[in-house]
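Student: Turn these sequences into a full structure, and let the hints steer you where they fit.
Number of protein chains: 4
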Amino acid sequence: MLRLGIIGATGYVGAEIVRLLALRDDMKITTVVSNSFAGQPFSEVYPSFRGIYDEICDGMDIDKVADKADFFITALPHGVSTTVIPRLLEKGKRIIDHSGDFRFRDVKVYEEWYKVTHSSPELVSRAVYGLPELYRDKIKNADLVADPGCYPTCSILGIAPALANKLVSHKNIVISAASGVSGAGRKSDLPYAFCEVDENYKAYGVVNHRHTPEIEQELSLICGEEVIVSFTPHLVPMKRGMLATITLDLTDAEITADEVRKAYLDFYRNEPFVRILPSGQLPQTKLVSGSNYIDIGISVDKRAKKLIIISALDNLGKGSASQAIQALNIMAGFEETRGLLTPGLYL
Amino acid sequence: MLRLGIIGATGYVGAEIVRLLALRDDMKITTVVSNSFAGQPFSEVYPSFRGIYDEICDGMDIDKVADKADFFITALPHGVSTTVIPRLLEKGKRIIDHSGDFRFRDVKVYEEWYKVTHSSPELVSRAVYGLPELYRDKIKNADLVADPGCYPTCSILGIAPALANKLVSHKNIVISAASGVSGAGRKSDLPYAFCEVDENYKAYGVVNHRHTPEIEQELSLICGEEVIVSFTPHLVPMKRGMLATITLDLTDAEITADEVRKAYLDFYRNEPFVRILPSGQLPQTKLVSGSNYIDIGISVDKRAKKLIIISALDNLGKGSASQAIQALNIMAGFEETRGLLTPGLYL
Amino acid sequence: MLRLGIIGATGYVGAEIVRLLALRDDMKITTVVSNSFAGQPFSEVYPSFRGIYDEICDGMDIDKVADKADFFITALPHGVSTTVIPRLLEKGKRIIDHSGDFRFRDVKVYEEWYKVTHSSPELVSRAVYGLPELYRDKIKNADLVADPGCYPTCSILGIAPALANKLVSHKNIVISAASGVSGAGRKSDLPYAFCEVDENYKAYGVVNHRHTPEIEQELSLICGEEVIVSFTPHLVPMKRGMLATITLDLTDAEITADEVRKAYLDFYRNEPFVRILPSGQLPQTKLVSGSNYIDIGISVDKRAKKLIIISALDNLGKGSASQAIQALNIMAGFEETRGLLTPGLYL
Amino acid sequence: MLRLGIIGATGYVGAEIVRLLALRDDMKITTVVSNSFAGQPFSEVYPSFRGIYDEICDGMDIDKVADKADFFITALPHGVSTTVIPRLLEKGKRIIDHSGDFRFRDVKVYEEWYKVTHSSPELVSRAVYGLPELYRDKIKNADLVADPGCYPTCSILGIAPALANKLVSHKNIVISAASGVSGAGRKSDLPYAFCEVDENYKAYGVVNHRHTPEIEQELSLICGEEVIVSFTPHLVPMKRGMLATITLDLTDAEITADEVRKAYLDFYRNEPFVRILPSGQLPQTKLVSGSNYIDIGISVDKRAKKLIIISALDNLGKGSASQAIQALNIMAGFEETRGLLTPGLYL
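If you're matching them up, the sequences are chains A, B, C and D in order.
Each residue of the first sequence is one higher than the last, beginning at 2 in the working numbering.
Each residue of the second sequence is one higher than the last, beginning at 2 in the working numbering.
Each residue of the third sequence is one higher than the last, beginning at 2 in the working numbering.
Each residue of the fourth sequence is one higher than the last, beginning at 2 in the working numbering.
Hints should not be assumed to be uniformly reliable.
[Stated by the list, open to error] In silico DSS-like cross-links for lysine-lysine, where the CA-CA straight-line distance does not exceed 25 Å: (1) D:K109 x A:K303; (2) A:K306 x D:K167; (3) C:K172 x B:K167; (4) B:K29 x B:K69; (5) C:K139 x B:K303; (6) A:K69 x A:K92.
[To be verified] Here's a subset of chain A near chain B, in silico, CB distances under 10 Å, partners left out: (7) V19; (8) P48; (9) Y205; (10) G206; (11) R270; (12) S292; (13) D296; (14) S300; (15) K303; (16) L317; (17) L342; (18) Y347.
If you're looking for bench data, these hints aren't it; they were derived computationally from the structure.
Idealized CB from N, CA, C, for every residue including glycine.
Tutor: Printed below as a string of structure tokens:
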């Protein structure tokens, strides 16, 4: 029985992980750690778990909680992860981290975009970027996996096959993406109050969102060129869901959508969670909501010589919590899909 | 391996049943029957099922589909069920029906409220009202189970312990309840269009909603008196969820909420899906959304000498689809809770 | 040109008042007072006002702001109003107050339900309850008007004609009401965060909501008996809107809905903002959203011998901001309906 | 007193026009024409107008209704307008048309994108594209004004200053835009049902949306080059609001956002409804919801050498109904801003 600890368990990502794992019989959540709710039953924080997961939240005493589990998922703000993870690694624990702290190969890029000094730069090279579709083999034996950002997962998986097959230029990549509000975390800030968000749509983080360099890093690695993307995120008045609309310059103006689709189907032929949609179909966030799937739709704009990729996932699913579980399954030697094949919630 | 057919599978209740059963390894959905979508893959109607449940919908040819399964769940409009079910029964099939057709012991009451003539009145006495908390033993061996209505489930379970224990009068029962929009089914009628429903709250079916006599029938059976309730349903701009606010006349003005709570805890002490909330806590629809749980909160209004019961469930969960599966588990001899213990979707 | 000051102008009620008055040519908002945003342009707090109302918010220095206007609307938390209003009255200002501080004739009732000591009890008898339909004449010359609560406005106007005409008993009044989220004010508390509220419906303040004694006070005055109501409010995932479902015991079991409707039409025959709906029609919150109207629908439940009144208004409209302006129009000698006849926002 | 007729008055655009004009004292809506609701009071179709605008809808008998008014606004599906408008013009009426029928200078472009044959091509050159910011003088004396599409208004006004000033290339224009659901009209189609739309975000009309050539036509006229845009619209689960995220190639990589802003401020210096946001501020749909304003935010992505323009309007406001009234004010010689200066509905 795998023993799993979740540190930062009372945020939305943590709660989603508990939801997905609470009934698994091959692993056990042996500690839920929360600064804010230490000493309270988890099911008091999230009463949907009443009678299902009533364990008491532990406080953030790393030495104490470390003994309780062998694997840890950390869902902490960036900058905090770097203070917790080194001690867990020292104790031989294997970790999946949700923050941006260990996603970057180049510490300088991280420090520039996150405006902090990295306190454990020596661990960066030890970390594996936790996108199974690109790094499955490395994840298997990693002891530190950086769970990718939601926008990067949605964008990278949408672009990778086209870029790897040189169907599109690595220049002039434009990503306009949108997220449900849970992407901001469980916050009581006014801008996330119901009356401020409901019936409203807006862009945010224009030109400076921290997921930009993360997308660029992975795309650059795929094509061997330095990629600069134009990335604009938006906030949608819904709880879950993420969709990226990606505009790419076709290298061959005569290529058809079907030919592109073939390249995508081939690239992801062994991937259980990537669904390339048939001709004429487009992703919708609700079709993947609550699931670990990512849906990708392909269109060619012959007039503008552009490839339009629409990719959709659940920001709390393939964009964070369930993708972490996918990595955990891989690390632990379980069937990679275990507990993750459930369909999206149509309603 | 139990073989299950779903007739009327492409409505919201049908889709929810498929969602809950698609990954079960002890039963198999061997036919999904749909008039409107015959010949189309189920995953084209609900693309969230792509790669998960891609079976082709069968047309409504009862003789043909009857052979494909041993158990059937029928999710058809009232009046249609009565034409389909007799033939399935003749063939020895066991059925759970979602319509109002077989919920009433007195055919006249049905005909008066539903404004139709019942075409199979002889089957009425054979049918069992599918509320496990009240009729578990009869469900076990039934071949025709009438899945209760959503409002009745929410109301009856909220009132039963108080009425059975004579803590409240059987007179003057006032139920004000509210439902998410999926309760109306998958309809393209204008009143259910997004722009008509969003940011709007209204009462409907005032004084004449068909769930009224269903509630009255069961409450009358519990207390042995003829119960007449005042029932007013409302429509809430959300997809799922149902909440009933029930105002009852206390027989003993001095009784405390804690004493009432004890009676409720005792009444439901063996029930896996009924959660009586502790003092000071109130149900919320999202805490049971996507689940088979019903949450019940208890308050006493000493000044007005009223017992205020708030009960919440998911109209597509304990209010229809998952309650049908609970009945199916019982009928088939499975563990009653199998596949149904998942928590509500907090987000 | 009437000079109006708004104290507590940056809450939702304040912002709605500015919206309704910004373009009036017979009055001028000469000061918007805000503790939190003093020194900032109002249109920075609510950027929808950019170019329309860009005045700088004043700080809460009563002596200073008092000079700037002759009329004041105070939209402050209860307990705070009592500290501000005496000084404004001393200076000869006329005031409409939104808090509960001056709504009660009996200071003890206020203190019991609001759990505070009233700091200006001597002013209570000077205050007029600002419901024009009941107190128009007194409002005209008042210097202190207590703008009624939203639930009380919705409930009292829904019940008054039936009670005044003795069509219903003054006992056993059950009010189940629901409000949009803006009723809670502009708050950054977690329970009002989008992800917590969206797709959720719940009761709150069961048995102890502070609007209960306010409703009871006015109903008691209408019928000359001590009225105790059972009042249960709910929170609806929408921004604006309020609807009360009121269940009353008919004194004459044979009375028809049409007869009751006649009594209502007669009671409100000169009221420009009360709309009694024709037979078979029911109120919806969106039909009054953004307006000063209240819609009232009448149904008779012959079986249960109940009168079911459904009343709907906008909690920011007739439930607070525009009702205050209606009172202001009356006090200032303007046409009562000026600026308030606009229809609800269907979309 | 100007006499105005609205043909196709019971759609959402028609209802919004009635809302904006019902209380005007300088014009009168003398006929509301509706095929579906002829003979019914307008306030039965939209009960928010009860007591405010109760006129009976006229049937679609053009000869009959033509006599009733001097100006007409037609809100009809494309292809239908062409059958109605010639007869109105013959009778000397002046018309503002909401459809796409008269927006194109080149009939072939219209016919190619709308897949119909234009039945009145001779009128095309007589029509003026009703964007006051570009064609104010021509609108003044026009007898046929084509009210621009919502996406084109939002896109063209966002791009015009940059393109006219050659700050950006006319090539490689990428527009990712999103609309509230009312943009689809008052439809009872399943894809617009509440349960299908709510909590969902999707792209639609990818590569083939009919507003594409309309945007291209106007941009080409501005820069004197043939412009091809990549345009991708999205559907947001909200009723009103539109936002375009426009990515443009800067011609001068060293230009700052402030320099661009100056050009925009200058371009629109006399425009009452275009608000160029200060540095660091971004548009939100709710800040213009219910109003005739368009908000434009400017960002420069130095790394990617892109200008990012975010523009927001209300699809029922500046995107259709109130823009038509702006044109009507101009045509009729009224103050252009009359009745249109109200702020957006923050809530």
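Student: Now tell me if each hint is right for this structure.
Tutor: Here is what the structure says about each hint:
Annotation: proposed proximity of D:K109 to A:K303 holds, straight-line Cα distance about 19 Å (limit 25 Å). For the hint pairing A:K306 with D:K167, the CA-to-CA distance comes to about 23 Å; that is within 25 Å, so the pair holds. The straight-line distance between the Cα atoms of C:K172 and B:K167 is roughly 22 Å, inside the 25 Å bound, and the hint therefore holds. Distance check on the hinted pair: B:K29 and B:K69 sit about 11 Å apart at the alpha-carbon level, within 25 Å; holds.
Taking the CA atoms of C:K139 and B:K303, the gap is about 35 Å. The hint is violated against a cut of 25 Å. Between the alpha carbons of A:K69 and A:K92 the distance comes to roughly 12 Å, so the proposed pair stays at or under 25 Å and holds. Given the 10 Å rule on beta carbons, the hint for A:V19 holds: about 8 Å separates it from the nearest Cβ of chain B. Because the closest C-beta pair between A:P48 and chain B is about 5 Å apart, less than 10 Å, the hint holds.
Hint status for A:Y205: violated, given a least beta-carbon distance of 20 Å to chain B, over 10 Å. Contact between A:G206 and chain B, as hinted, is not supported at the beta carbon level, the nearest pair being about 21 Å apart and thus beyond 10 Å. Below 10 Å, beta-carbon pairs count as interface contacts, and A:R270 has none with chain B, the closest being about 13 Å; its hint is therefore violated. Because the closest C-beta pair between A:S292 and chain B is about 7 Å apart, less than 10 Å, the hint holds.
The interface hint given for A:D296 holds, since its Cβ lies 8 Å from the closest Cβ of chain B, which is under the 10 Å cut-off. Here the hint on A:S300 is broken, as its CB sits about 17 Å from the closest CB of chain B, past 10 Å. The beta carbon of A:K303 is not positioned within 10 Å of any beta carbon in chain B (closest approach about 26 Å), and the interface hint is therefore violated. The restraint placing A:L317 at the interface with chain B holds, with a minimum CB-CB distance near 6 Å, inside the 10 Å limit.
For the restraint placing A:L342 at the interface with chain B, the shortest Cβ-Cβ distance is roughly 6 Å, inside the 10 Å limit, so the hint holds. For A:Y347, the interface hint holds, the least distance from its beta-carbon to any beta-carbon of chain B being 5 Å, beneath 10 Å.
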